[in-house]
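There are 2 protein chains.
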Amino acid sequence: MRRNEEGRTLEMTTTLNENAANQDTEIPGLRVQLAQDEPVRLDCGVNLKDITVAYQTYGQLNENKSNAVLICHALTGDQFVAETHPMTGKPGWWSELVGSGKTIDTERYFVICSNILSGCMGTTGPKDINPETGKAWGLNFPVTTVADMVRVQARLIDHLGIDQLFAVLGGSMGGMQVLEWAAKYSERVFAAVPIATAARHSAQNIAFHEVGRQAIMADPDWCGGDYPSQDKHPHRGLAVARMAAHITYLSQSALHRKFGRKLQERDAISYGFDADFQVESYLRHQGITFVDRFDANSYLYTTRAMDYFDLGGDYEGVLANAFRGTQTRFCVFSFTSDWLFPTEGNREIVHALNAVAANVSFAEIESDKGHDAFLLKEPEFFRVLGGFLEGAAELRGLPK
Amino acid sequence: MRRNEEGRTLEMTTTLNENAANQDTEIPGLRVQLAQDEPVRLDCGVNLKDITVAYQTYGQLNENKSNAVLICHALTGDQFVAETHPMTGKPGWWSELVGSGKTIDTERYFVICSNILSGCMGTTGPKDINPETGKAWGLNFPVTTVADMVRVQARLIDHLGIDQLFAVLGGSMGGMQVLEWAAKYSERVFAAVPIATAARHSAQNIAFHEVGRQAIMADPDWCGGDYPSQDKHPHRGLAVARMAAHITYLSQSALHRKFGRKLQERDAISYGFDADFQVESYLRHQGITFVDRFDANSYLYTTRAMDYFDLGGDYEGVLANAFRGTQTRFCVFSFTSDWLFPTEGNREIVHALNAVAANVSFAEIESDKGHDAFLLKEPEFFRVLGGFLEGAAELRGLPK
Numbered sequence: 056m057r058r059n060e061e062g063r064t065l066e067m068t069t070t071l072n073e074n075a076a077n078q079d080t081e082i083p084g085l086r087v088q089l090a091q092d093e094p095v096r097l098d099c100g101v102n103l104k105d106i107t108v109a110y111q112t113y114g115q116l117n118e119n120k121s122n123a124v125l126i127c128h129a130l131t132g133d134q135f136v137a138e139t140h141p142m143t144g145k146p147g148w149w150s151e152l153v154g155s156g157k158t159i160d161t162e163r164y165f166v167i168c169s170n171i172l173s174g175c176m177g178t179t180g181p182k183d184i185n186p187e188t189g190k191a192w193g194l195n196f197p198v199t200t201v202a203d204m205v206r207v208q209a210r211l212i213d214h215l216g217i218d219q220l221f222a223v224l225g226g227s228m229g230g231m232q233v234l235e236w237a238a239k240y241s242e243r244v245f246a247a248v249p250i251a252t253a254a255r256h257s258a259q260n261i262a263f264h265e266v267g268r269q270a271i272m273a274d275p276d277w278c279g280g281d282y283p284s285q286d287k288h289p290h291r292g293l294a295v296a297r298m299a300a301h302i303t304y305l306s307q308s309a310l311h312r313k314f315g316r317k318l319q320e321r322d323a324i325s326y327g328f329d330a331d332f333q334v335e336s337y338l339r340h341q342g343i344t345f346v347d348r349f350d351a352n353s354y355l356y357t358t359r360a361m362d363y364f365d366l367g368g369d370y371e372g373v374l375a376n377a378f379r380g381t382q383t384r385f386c387v388f389s390f391t392s393d394w395l396f397p398t399e400g401n402r403e404i405v406h407a408l409n410a411v412a413a414n415v416s417f418a419e420i421e422s423d424k425g426h427d428a429f430l431l432k433e434p435e436f437f438r439v440l441g442g443f444l445e446g447a448a449e450l451r452g453l454p455k
Numbered sequence: 056m057r058r059n060e061e062g063r064t065l066e067m068t069t070t071l072n073e074n075a076a077n078q079d080t081e082i083p084g085l086r087v088q089l090a091q092d093e094p095v096r097l098d099c100g101v102n103l104k105d106i107t108v109a110y111q112t113y114g115q116l117n118e119n120k121s122n123a124v125l126i127c128h129a130l131t132g133d134q135f136v137a138e139t140h141p142m143t144g145k146p147g148w149w150s151e152l153v154g155s156g157k158t159i160d161t162e163r164y165f166v167i168c169s170n171i172l173s174g175c176m177g178t179t180g181p182k183d184i185n186p187e188t189g190k191a192w193g194l195n196f197p198v199t200t201v202a203d204m205v206r207v208q209a210r211l212i213d214h215l216g217i218d219q220l221f222a223v224l225g226g227s228m229g230g231m232q233v234l235e236w237a238a239k240y241s242e243r244v245f246a247a248v249p250i251a252t253a254a255r256h257s258a259q260n261i262a263f264h265e266v267g268r269q270a271i272m273a274d275p276d277w278c279g280g281d282y283p284s285q286d287k288h289p290h291r292g293l294a295v296a297r298m299a300a301h302i303t304y305l306s307q308s309a310l311h312r313k314f315g316r317k318l319q320e321r322d323a324i325s326y327g328f329d330a331d332f333q334v335e336s337y338l339r340h341q342g343i344t345f346v347d348r349f350d351a352n353s354y355l356y357t358t359r360a361m362d363y364f365d366l367g368g369d370y371e372g373v374l375a376n377a378f379r380g381t382q383t384r385f386c387v388f389s390f391t392s393d394w395l396f397p398t399e400g401n402r403e404i405v406h407a408l409n410a411v412a413a414n415v416s417f418a419e420i421e422s423d424k425g426h427d428a429f430l431l432k433e434p435e436f437f438r439v440l441g442g443f444l445e446g447a448a449e450l451r452g453l454p455k
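Residue numbers (this note's numbering), protein chains in the order written: chain A, 56 to 455; chain B, 56 to 455.
Quick caveat, the hints were computed from the structure, so don't treat them as lab data.
Mixed in with the good hints, there may be bad ones.
One copy or any two copies: either way a pair holds, since identical chains are not told apart in the list.
[To be verified] Below, simulated SDA-like cross-link-like pairs (lysine to any residue); rule was C-alpha separation at most 20 Å, straight line:
#1 K317 / G372
#2 K455 / E421
#3 K287 / N414
#4 K104 / N185
#5 K145 / A412
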């Protein structure tokens with residue numbers, strides 16, 4: 056009996072291995088070819104040409120192009136901010152926040168979100184074909200950084216003919232991109248909203264990423280990163296990576312409140328390795344569904360970009376120097392139960408901004424939902440953000 | 056270059072795959088065959104006979120057998136408490152605490168520690184031969200609980216002719232065994248010291264265990280648990296499981312203090328997937344060395360036993376009822392930065408003991424070392440524990 060129950064676990068994984076083929080799916084939406092003449096110089100020294108960027112927009116750009124809001128997505132997010140996701144059929148990841156009449160009102164703002172460089176939702180990344188070899192890049196794709204992601208976004212904003220963004224917002228890795236924008240393209244950012252983030256990735260966070268990467272690399276179907284050429288995909292490794300990461304997105308208390316020790320569709324423990332507990336079943340589900348929409352090499356590249364993020368390091372270790380002379384208005388958010396990007400790391404950003412007398416607000420939002428809170432309907436967060444945007448819009452002279 | 060660097064990672068793993076053969080190693084030390092006539096009735100309903108128990112002792116049992124101290128080991132611990140480990144060559148896991156003239160003084164106490172049921176250091180477990188089939192048990196080994204571990208320990212104590220233990224001590228899963236001893240064999244425990252533990256496993260901890268199990272089960276060399284018959288071992292999966300778990304043993308601040316963002320034997324990041332950061336190198340080392348001494352199925356069984364632990368559940372959900380009428384003296388310890396077994400869970404134990412007017416002390420030790428603190432030289436912990444044991448020894452009439 057135990058054997059059978061265990062079998063069920065593997066069966067679930069196997070079934071989804073066969074269904075998962077995200078690399079073959081045509082992802083709908085806007086596309087632009089960038090860096091055709093002038094390559095993007097990446098931090099690693101590579102000059103990357105012919106970059107495809109997949110993006111979505113919501114609302115209308117006004118006449119003087121002053122109402123553009125750039126949203127930067129997180130590690131496993133994508134450009135489908137405020138519409139049904141074409142692969143999962145679920146609502147856009149920030150559709151509670153972004154839309155007609157919502158906090159980020161698409162009647163008022165022109166909202167842009169692009170899939171990051173090295174992503175797997177249409178923007179050039181390791182699963183795409185290297186034009187020089189005619190084969191998928193795999194690990195030959197250059198290792199990209201948060202700064203590189205932002206360089207490519209800046210090209211997109213150029214392409215859209217926008218000189219200055221009204222606001223740049225993002226949580227987690229999206230927040231890192233916001234900081235990068237504010238530091239390196241200060242004059243192009245009127246208002247910046249880094250949420251649940253940090254100016255540098257912590258040792259603990261690097262450690263969790265390394266576990267995820269090792270889980271992927273330990274899967275024989277990873278094939279040294281060459282799986283696209285071999286018609287394989289390290290689904291099991293990627294699912295384990297996602298499960299480990301997912302725990303870090305929730306708080307201890309949220310897990311307790313949501314699941315506690317509740318059993319999954321049974322009255323008593325099974326004395327086996329089936330998912331007896333709801334929390335196990337939930338995690339397995341998170342792992343299994345993730346592989347349907349995400350590419351394993353893209354996961355390696357994107358986690359690596361976060362590990363490498365250390366904004367102060369670009370300014371002789373003095374984070375404040377990243378913001379010296381800035382005219383950008385900042386609003387920094389953290390969530391009390393977020394242990395992945397704790398308040399402390401967000402406060403470091405605020406202190407650096409204070410040290411150069413920047414215009415900065417800081418709100419620590421009371422929530423027991425952990426890091427995930429930035430993706431959820433948190434009324435206080437929405438209220439404070441709405442107030443900040445309202446004030447900034449007035450200053451920018453945007454009509455109501 | 057990136058490809059080569061990545062190769063190095065896998066090479067490390069492969070090398071150790073070949074070296075690792077803990078299931079074939081003869082583990083030295085004491086052995087006893089128990090349950091030869093009277094099987095142990097396990098929680099899952101199986102009557103288990105012919106159980107081998109591997110154990111070590113330190114010091115001398117006094118004439119009236121009143122100076123015995125049972126130490127219960129944690130998830131990946133073993134019976135080698137206070138001597139060089141025969142496989143790793145490292146000092147015993149509690150050798151700072153246990154020894155001649157130390158806090159648990161082997162000149163005064165007779166210290167016993169046995170490898171747990173379902174372990175892999177000599178006590179019967181899934182890697183052993185099922186006498187009925189002549190093949191390794193694998194997943195046919197009955198799923199055991201913390202209560203089952205203690206049932207087998209109680210048989211060992213019977214075998215040693217000891218009616219009452221002077222003290223039972225243990226941290227983490229060892230602490231769960233202490234609680235089980237104190238609840239089910241109250242009259243046999245003069246003093247009990249549960250350390251950095253909980254009366255029930257939390258949702259977050261079940262979740263982390265499930266990630267580890269899925270990492271093992273995702274490894275094709277796991278072979279549905281049947282790897283011993285196929286001369287394989289899921290080293291890669293087990294290494295990933297260990298890496299994920301290891302992060303939970305340390306605190307965020309300990310990781311920051313120990314590693315921060317320091318690079319490993321290089322001056323700059325490599326733009327690749329090699330272990331650029333010291334914390335990555337450290338974690339990989341933890342994973343790789345673990346597989347040399349631990350059996351993957353044993354890891355599944357032991358994590359499951361912890362998940363299933365819910366002492367109050369045996370007493371209609373009222374933990375206090377587990378201790379009603381107890382004469383045992385308790386000293387409960389927690390560590391401030393332990394987020395795996397936080398103070399809160401230890402305090403629940405204290406509250407339950409208070410509710411039945413038990414004799415209980417509680418010490419929350421200030422430490423930034425996380426859960427690992429219970430294994431390290433923490434002077435305040437040693438001092439308070441020493442004082443408690445001294446007082447209890449006086450009450451028990453043990454000579455200095």
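Checked hints:
no.	hint	verdict
1	K317 / G372	between (47 Å within a copy, 13 Å between copies)
2	K455 / E421	neither (30 Å within a copy, 54 Å between copies)
3	K287 / N414	neither (50 Å within a copy, 61 Å between copies)
4	K104 / N185	within (11 Å within a copy, 62 Å between copies)
5	K145 / A412	neither (42 Å within a copy, 54 Å between copies)
In summary, the numbered hints that this structure violates are 2, 3 and 5.
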